[in-house]
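Based on the provided sequences and hints, a complete structural model is requested.
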Amino acid sequence: MPTFILIGRLDFIEGSPAKREIAVFEVIVTAMLTYAKMLGAEEMRVMHPINEEVKNYYVSHSFTYVKHGDYLYRGL
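Numbers in my numbering are just positions in the sequence shown, counted from 1, shifted up by 1.
One thing to keep in mind: the hints can contain errors.
[Said to hold, decoys possible] Computed Cβ-Cβ distance ranges for the label pairs, DEER-style: (1) Leu40 <-> His62: 12 to 22 Å; (2) Met48 <-> Val28: 19 to 29 Å; (3) Asn52 <-> Ala24: 12 to 22 Å; (4) Tyr36 <-> Tyr66: 14 to 24 Å.
[Claimed, not checked] DSBU-like cross-link-like pairs, simulated, lysine-lysine; straight-line CA separation at most 35 Å: (5) Lys20 <-> Lys38; (6) Lys56 <-> Lys20; (7) Lys38 <-> Lys56; (8) Lys20 <-> Lys68; (9) Lys68 <-> Lys38; (10) Lys56 <-> Lys68.
If you're looking for bench data, these hints aren't it; they were derived computationally from the structure. Quick reminder that beta carbons are idealized off the backbone N, C-alpha and C, glycines included.
Printed below as a string of C-alpha coordinates:
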(Lines of atoms letter the chains of each structure in order from A and count residues from 1; the text may use other names and numbers.)
(Lines give C-alpha, C1' and ligand atoms only; values in the text may rest on other atoms or scores of the structure.)
Protein backbone atom coordinates (compact mmCIF):
# COMPACT_ATOMS: atom_id res chain seq x y z
CA MET A 1 0.00 0.00 0.00
CA PRO A 2 1.31 3.49 -0.68
CA THR A 3 2.26 5.62 2.25
CA PHE A 4 0.10 8.61 3.02
CA ILE A 5 2.91 11.07 3.65
CA LEU A 6 4.78 12.60 0.77
CA ILE A 7 8.23 11.11 1.16
CA GLY A 8 8.29 9.05 -2.04
CA ARG A 9 8.13 5.67 -0.33
CA LEU A 10 5.97 2.65 -1.15
CA ASP A 11 5.26 0.07 1.57
CA PHE A 12 3.81 -3.31 0.77
CA ILE A 13 2.81 -6.49 2.54
CA GLU A 14 5.01 -9.50 1.98
CA GLY A 15 3.67 -12.94 1.23
CA SER A 16 4.83 -16.41 2.15
CA PRO A 17 8.00 -17.60 0.43
CA ALA A 18 6.52 -21.13 0.30
CA LYS A 19 7.40 -23.27 -2.70
CA ARG A 20 4.95 -22.85 -5.57
CA GLU A 21 4.56 -24.55 -8.93
CA ILE A 22 5.50 -21.30 -10.65
CA ALA A 23 7.93 -18.65 -9.49
CA VAL A 24 5.88 -15.50 -9.00
CA PHE A 25 8.34 -13.40 -7.00
CA GLU A 26 9.95 -11.72 -10.03
CA VAL A 27 6.52 -10.95 -11.51
CA ILE A 28 5.37 -9.41 -8.22
CA VAL A 29 8.55 -7.33 -7.83
CA THR A 30 8.21 -6.09 -11.41
CA ALA A 31 4.60 -5.07 -10.72
CA MET A 32 5.65 -3.32 -7.50
CA LEU A 33 8.49 -1.49 -9.29
CA THR A 34 6.11 -0.32 -11.99
CA TYR A 35 3.51 0.85 -9.46
CA ALA A 36 6.14 2.59 -7.34
CA LYS A 37 7.51 4.43 -10.37
CA MET A 38 3.99 5.50 -11.38
CA LEU A 39 3.55 6.98 -7.89
CA GLY A 40 6.89 8.76 -8.11
CA ALA A 41 8.37 6.70 -5.26
CA GLU A 42 12.12 6.53 -4.73
CA GLU A 43 12.27 3.12 -3.06
CA MET A 44 10.27 0.02 -2.13
CA ARG A 45 10.25 -1.40 1.41
CA VAL A 46 9.34 -4.65 3.09
CA MET A 47 8.49 -3.72 6.66
CA HIS A 48 9.25 -6.13 9.51
CA PRO A 49 10.24 -9.30 7.63
CA ILE A 50 8.82 -12.26 9.51
CA ASN A 51 12.06 -14.25 9.92
CA GLU A 52 15.69 -14.64 8.79
CA GLU A 53 14.72 -16.84 5.84
CA VAL A 54 12.39 -14.19 4.43
CA LYS A 55 14.92 -11.43 5.12
CA ASN A 56 17.70 -13.37 3.38
CA TYR A 57 15.43 -14.16 0.43
CA TYR A 58 14.77 -10.47 -0.20
CA VAL A 59 18.46 -9.62 0.31
CA SER A 60 19.27 -12.18 -2.39
CA HIS A 61 16.97 -10.19 -4.72
CA SER A 62 18.72 -6.81 -4.38
CA PHE A 63 16.99 -5.57 -1.23
CA THR A 64 19.06 -4.13 1.64
CA TYR A 65 18.20 -4.86 5.26
CA VAL A 66 18.10 -1.99 7.80
CA LYS A 67 18.34 -3.47 11.29
CA HIS A 68 17.47 -0.27 13.19
CA GLY A 69 14.09 0.06 11.45
CA ASP A 70 13.61 -3.69 10.80
CA TYR A 71 12.87 -3.30 7.11
CA LEU A 72 14.34 -4.06 3.72
CA TYR A 73 14.49 -1.57 0.88
CA ARG A 74 15.31 -1.45 -2.79
CA GLY A 75 15.91 1.81 -4.58
CA LEU A 76 14.25 2.54 -7.88
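Verification of the supplied hints:
1. Leu40 <-> His62: 12 to 22 Å: At roughly 21 Å between Cβ atoms, His62 and Leu40 fall inside 12 to 22 Å, so the hint holds.
2. Met48 <-> Val28: 19 to 29 Å: Given about 21 Å between the Cβ atoms, the range holds.
3. Asn52 <-> Ala24: 12 to 22 Å: holds (20 Å)
4. Tyr36 <-> Tyr66: 14 to 24 Å: holds (22 Å)
5. Lys20 <-> Lys38: holds (29 Å)
6. Lys56 <-> Lys20: holds (16 Å)
7. Lys38 <-> Lys56: The given pair, whose Cα atoms are some 23 Å apart, holds under the 35 Å limit.
8. Lys20 <-> Lys68: Holds - the C-alpha atoms of Lys68 and Lys20 are around 27 Å apart, at most 35 Å.
9. Lys68 <-> Lys38: Since the Cα atoms of Lys68 and Lys38 sit roughly 25 Å apart, the hinted pair holds (cutoff 35 Å).
10. Lys56 <-> Lys68: Distance of about 11 Å is within 35 Å: holds.
Of the numbered hints given earlier, the model fails none.
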